[in-house]
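Chain U is fixed; fit chain A onto it per the hints.
There are 2 protein chains.
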Amino acid sequence: MTDATLTAVYELHGGDAERRAHALAVEQSHELPTELAPEHTRRSSLARVVALDEPRDDYALATIEYPAALAGDELPQLLVLLLGNGSLQEGVRIVDVDLPTDLLSRFPGPRLGVEGVRARVRAEGRPLLATALKPVGLSVVELASLAYELAAGGIDIVKDDQGLANQHWAPFSERVQRVSEAVARANADTGGSAVYLPAVNPPVDRFEGRLAEVRSAGAGGALIVPGVGGFDQLRRAGEVLDGVVLAHPSFLGGFTASREHGIAPDVLFGLLLRIAGADAAIFPSWGGRFSFTREECERIAARSAAPLDGIAPILPAPGGGMTVERVPELVDAYGRDVLLLIGADLQRGGDPRAAAERFRAAAESV
Amino acid sequence: MTDATLTAVYELHGGDAERRAHALAVEQSHELPTELAPEHTRRSSLARVVALDEPRDDYALATIEYPAALAGDELPQLLVLLLGNGSLQEGVRIVDVDLPTDLLSRFPGPRLGVEGVRARVRAEGRPLLATALKPVGLSVVELASLAYELAAGGIDIVKDDQGLANQHWAPFSERVQRVSEAVARANADTGGSAVYLPAVNPPVDRFEGRLAEVRSAGAGGALIVPGVGGFDQLRRAGEVLDGVVLAHPSFLGGFTASREHGIAPDVLFGLLLRIAGADAAIFPSWGGRFSFTREECERIAARSAAPLDGIAPILPAPGGGMTVERVPELVDAYGRDVLLLIGADLQRGGDPRAAAERFRAAAESV
Numbered sequence: 000m001t002d003a004t005l006t007a008v009y010e011l012h013g014g015d016a017e018r019r020a021h022a023l024a025v026e027q028s029h030e031l032p033t034e035l036a037p038e039h040t041r042r043s044s045l046a047r048v049v050a051l052d053e054p055r056d057d058y059a060l061a062t063i064e065y066p067a068a069l070a071g072d073e074l075p076q077l078l079v080l081l082l083g084n085g086s087l088q089e090g091v092r093i094v095d096v097d098l099p100t101d102l103l104s105r106f107p108g109p110r111l112g113v114e115g116v117r118a119r120v121r122a123e124g125r126p127l128l129a130t131a132l133k134p135v136g137l138s139v140v141e142l143a144s145l146a147y148e149l150a151a152g153g154i155d156i157v158k159d160d161q162g163l164a165n166q167h168w169a170p171f172s173e174r175v176q177r178v179s180e181a182v183a184r185a186n187a188d189t190g191g192s193a194v195y196l197p198a199v200n201p202p203v204d205r206f207e208g209r210l211a212e213v214r215s216a217g218a219g220g221a222l223i224v225p226g227v228g229g230f231d232q233l234r235r236a237g238e239v240l241d242g243v244v245l246a247h248p249s250f251l252g253g254f255t256a257s258r259e260h261g262i263a264p265d266v267l268f269g270l271l272l273r274i275a276g277a278d279a280a281i282f283p284s285w286g287g288r289f290s291f292t293r294e295e296c297e298r299i300a301a302r303s304a305a306p307l308d309g310i311a312p313i314l315p316a317p318g319g320g321m322t323v324e325r326v327p328e329l330v331d332a333y334g335r336d337v338l339l340l341i342g343a344d345l346q347r348g349g350d351p352r353a354a355a356e357r358f359r360a361a362a363e364s365v
Numbered sequence: 000m001t002d003a004t005l006t007a008v009y010e011l012h013g014g015d016a017e018r019r020a021h022a023l024a025v026e027q028s029h030e031l032p033t034e035l036a037p038e039h040t041r042r043s044s045l046a047r048v049v050a051l052d053e054p055r056d057d058y059a060l061a062t063i064e065y066p067a068a069l070a071g072d073e074l075p076q077l078l079v080l081l082l083g084n085g086s087l088q089e090g091v092r093i094v095d096v097d098l099p100t101d102l103l104s105r106f107p108g109p110r111l112g113v114e115g116v117r118a119r120v121r122a123e124g125r126p127l128l129a130t131a132l133k134p135v136g137l138s139v140v141e142l143a144s145l146a147y148e149l150a151a152g153g154i155d156i157v158k159d160d161q162g163l164a165n166q167h168w169a170p171f172s173e174r175v176q177r178v179s180e181a182v183a184r185a186n187a188d189t190g191g192s193a194v195y196l197p198a199v200n201p202p203v204d205r206f207e208g209r210l211a212e213v214r215s216a217g218a219g220g221a222l223i224v225p226g227v228g229g230f231d232q233l234r235r236a237g238e239v240l241d242g243v244v245l246a247h248p249s250f251l252g253g254f255t256a257s258r259e260h261g262i263a264p265d266v267l268f269g270l271l272l273r274i275a276g277a278d279a280a281i282f283p284s285w286g287g288r289f290s291f292t293r294e295e296c297e298r299i300a301a302r303s304a305a306p307l308d309g310i311a312p313i314l315p316a317p318g319g320g321m322t323v324e325r326v327p328e329l330v331d332a333y334g335r336d337v338l339l340l341i342g343a344d345l346q347r348g349g350d351p352r353a354a355a356e357r358f359r360a361a362a363e364s365v
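Sequence order for the protein chains is U and A. Residues 0 to 365 (numbering that gives the first Met the number 0) are what the first sequence spells out, left to right. Residues 0 to 365 (numbering that gives the first Met the number 0) are what the second sequence spells out, left to right.
Hints in this document: simulated from the structure, not taken from any laboratory. Computed from a predicted model, the values in this text were never measured in an experiment. Quick reminder that beta carbons are idealized off the backbone N, C-alpha and C, glycines included. Errors might be hidden in some of the hints.
[Stated by the list, open to error] Covered stretches of chain A, as calculated for chain U (at least 3 residues, CB under 8 Å):
hint, segment
1, 225-233
2, 253-259
[To be verified] Far from chain U, some chain A residues (derived; all Cβ distances over 12 Å):
hint, residue
3, ASP95
4, GLU207
5, ASP331
6, GLY342
[As the list claims (entries may be wrong)] Over the 10 Å line for every Cβ pair with chain U, so calculated as not near, a few chain A residues:
hint, residue
7, ASN84
8, ARG214
9, GLY217
10, THR292
11, ASP350
So here's chain U without its partners, still in its complex pose (with noise of 0.2 Å):
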């Protein structure tokens, strides 16, 4: 057995620093109050507060030491270790992991990663182009012809919205089946390499069977939605579809919403959804429909690449109403190692194929 630890940094918002840094470190570790645990668990299995910085009254970090043994190499009980009922308290946001190479290597991370996706797709250098296939309520036909177009004009991943499951007006096996073919057929006619990637969030025990229908119809990997079916889902799908994985925000925005609570957004999009599996995380970049800063979504992009023990960079992919006329602004706050998502703005117009292929051209001059 290792003696190897990890360590989170908390924000504690509303004062009281030292005594809440304390009582967080056992609520995520022992759950019970020290003086009542056994000797051997006190040295063995109890985090404890390494350092705790009180710049102001109302405000401290702390940094919590946890031996790793603690986390079971499991990726949910990491979740439950680092912030399980720790969420449940006001004023508690993770800022900082740190994971030692040993626990590291239990998670495999991204398959793909920047590289791995790039060479997929056969985009070198460039920013890659992501878009999304609505609104639910499109029949298979339409969605299908919708993507072929996308793809012809030169998107590199065409998801399904992540609001398309298996409703009436397009079943996910006939629609898995038939845009799979789209994105082909689009790809043979232009000489491209667009994937397809379907919303894989289906009740528990019928996952494994959703990803066997996306890898036999040959979509080129997934979207999965980790805030709803689980972080770890990330990692079976890749290992399934050996394909793109493609992380979706929803129902993660109760761990964002606030800059008090939860967790801080680069560590959850470019470090927590990194070691789960996504080879690239959507999350609302600043000035669109959503509310994280611009210097929120650069830090997400810095972490998304920054090293970590032989664990692939991925690519941080901001979305939530983007538009092409933006894609100057947005690369250089991004770099080009990021997945652009523009959605509704290709469809302006009527000529999502034309749309496209100004998103691609803007993308290749940048």
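Below, chain A alone, put in the same frame as chain U:
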């Protein structure tokens, strides 16, 4: 196909309510500006605001009506629909959900419910009792011994702490086997009917295997962590185990830590987890280590018991630092259809069996 609708009521904090309510209806359904949506999808799959009550400039209640077909009869998609992208917006909080009978009938709800759990542990009329095996770091032998004492003392439900996963101190398979045996022995020795609920929160492709182990060990159900593994694990655990399914709130706090964002606690713990298949849902009670108010807690209990189109009532399971002394006060607030969860307090004094007996006596005398 049905034209049934489901409605959800959202609090909007921070002003600009009319625009935001309409934007939310679009975001949660089409996620595409309506002028770009084909006419047939505007009729079939677009949500709309059916009521907006704005008592103050910075606070409004918006009722949004969704075509029920958007949920596609699948729980993960229902969650995406109710608060997927909406969760990423500040100041959006879901406070009520009304599902049509047709859609509700697709979700089994709790397999046992209040009456079923009572039958399993042979407890009529009185409050039910639960406790947690902790701290992590105890060996299997220590956990089994503790479980024996607690079960012999009259606790109905002896559950793993949610932080017990598959760590080396007490590996899952061995723990489930030995603790199940210990609780069965306690039942045989005392004529009791306690059940043991192992924590099942593994990597996604080990979920079925762990459930099978729980079943073959003869444990009486499972503790599920829906915030980590997904809400739908509750249903599946009930289906496989035909036992008590207890939901733990770990990692769910992103939705409840703010009163201006996320999911109202009664909707989360008394409605959504109930629909999803929990027989009982743990939440942090007022007066403990966390921060719900008494009124919020009583609302959880009311929701857990409210008629729901044939879906059985479930047990609210208040926890998080409760004590035996508080049993009368807790029962006064929650009523007798409650699963009282007391952890650490039963380990004070070094005689868990005696403490369990006091807990049981307190519950029998209210």
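Hints and how they fare:
no., hint, result
1, 225-233, "holds (count 7)"
2, 253-259, "holds (count 5)"
3, ASP95, "holds, 18 Å"
4, GLU207, "violated, 7 Å"
5, ASP331, "holds, 24 Å"
6, GLY342, "violated, 7 Å"
7, ASN84, "violated, 6 Å"
8, ARG214, "holds, 15 Å"
9, GLY217, "holds, 22 Å"
10, THR292, "holds, 12 Å"
11, ASP350, "holds, 12 Å"
In this structure, the hints that do not hold are numbers 4, 6 and 7, in rising order.
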